[in-house]
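For reference, the chains in residue letters:
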Amino acid sequence: MRESTSQADFWRRALVVLALLASAGVSGSDWESLNKDGIHDPRSPAIQQLQQPADALSKLTPDTAGNMVRWVQSLEKGEINPRANIRPDTKIRVYDSDVLLNLKGGMPIVRFPHRQHTLWLDCVNCHDQLFKAEAGATKFSMLKILEGEQCGVCHGAVSFPLTECFRCHSVARPGQAPRPSLPIAIPSGAVPPK
Amino acid sequence: MSTWRLGLAFAVLLLGVMPPVSAEYADVVLNRRAEKEGVRPVIFPHWFHRIRFRCKVCHAELGFKMRVGSNDFKMSDIVDGRFCGACHNGDIAWAPDRCDLCHSGKRGLPTGIYGGHETGGPGRW
Chain L
10 MRESTSQADF WRRALVVLAL LASAGVSGSD WESLNKDGIH DPRSPAIQQL
60 QQPADALSKL TPDTAGNMVR WVQSLEKGEI NPRANIRPDT KIRVYDSDVL
110 LNLKGGMPIV RFPHRQHTLW LDCVNCHDQL FKAEAGATKF SMLKILEGEQ
160 CGVCHGAVSF PLTECFRCHS VARPGQAPRP SLPIAIPSGA VPPK
Chain R
41 MSTWRLGLAF AVLLLGVMPP VSAEYADVVL NRRAEKEGVR PVIFPHWFHR
91 IRFRCKVCHA ELGFKMRVGS NDFKMSDIVD GRFCGACHNG DIAWAPDRCD
141 LCHSGKRGLP TGIYGGHETG GPGRW
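So the protein lines, in turn, are chains L and R. If you count the first sequence from 1, position 49 lands on 58 in the working numbering, and the numbers rise without skipping. If you count the second sequence from 1, position 17 lands on 57 in the working numbering, and the numbers rise without skipping.
Do not take every clue at face value.
Claimed, not checked - Chain L regions said to be covered by chain R (calculated; three or more residues, Cβ under 8 Å):
#: 1; stretch: 49–56
#: 2; stretch: 59–68
#: 3; stretch: 76–90
#: 4; stretch: 125–134
#: 5; stretch: 143–149
Said to hold, decoys possible - Computed list of chain L residues with no C-beta within reach of chain R, every gap over 10 Å:
#: 6; residue: W40
#: 7; residue: P71
#: 8; residue: A93
#: 9; residue: L110
#: 10; residue: G114
#: 11; residue: G115
#: 12; residue: V119
#: 13; residue: F140
#: 14; residue: V167
#: 15; residue: P170
#: 16; residue: F175
#: 17; residue: R182
#: 18; residue: A186
#: 19; residue: R188
Treat the hints as calculated values from the structure; they're not laboratory data. No residue lacks a Cβ here, since even glycine has one placed at the ideal position from N, Cα and C.
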């Protein structure tokens, strides 16, 4: 009798500890504060002065990966208005044309939108070192992309990560489900576990 | 061993298994020269800058190559208005005499891109 009581007591305490841990995990923000991010020196005087990621990013359209911000949407909605040039004579180029890629593969076809990319970038950032300007002239390789070449120069490092397959592979082939069931697709707006 | 202690040991074990704290996605550490010169490594937060500037400002106008470690510049370049110094001039952003605001990293960190949210970034970085 006494033994079973202490056992019940143990499990009750274990549950409390687990609940505490879980709540700590849930209440934790999507964005780590600078003094705990593992790269800032917590003793640096800058910690008190620099903007905290959560202060800025929590106000923008949420995402489920990367900075947890839909950067293009945020720009288009006017939540942010980043400068496009600092030199008055710089020509700001935005180009609106889609390119379909991966026409023969098994995954859905890739639709590359120039417009969203040139809202942020200039033509010279990709052409012609990463990609030739002529459609079909560059051979794409998912392996290279995963190694940080081609699209992987940015995607996986600063723009949305390579776990988000169907943001690029977005055009279903005839008879193909729009989203094959391979990777987990989290509906936008869902709060992901961290 | 009391049940309390067992519970505590369990909690410590769980904490040990939990992932370590992480930098914000695309944070960059620059430490080619900083620590050798006796200052903390630089932390460059992409998230902070892209709220205020589009990629093309730094990567087309200012000439920052898009590969961590491939931009070899010195404090003297910045003071002369090149690279970070195009904005960090006391006009658009704080001037280069505010050393601590950029040189705020933990000592010993190698140059690289940090904070890969899910992919961890390609191995070559």
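- Task: Return the numbers of the hints above that this structure violates; sort them in rising order.
- Result: When the structure is compared with the hints, numbers 5, 6, 8, 14 and 15 turn out to be violated.
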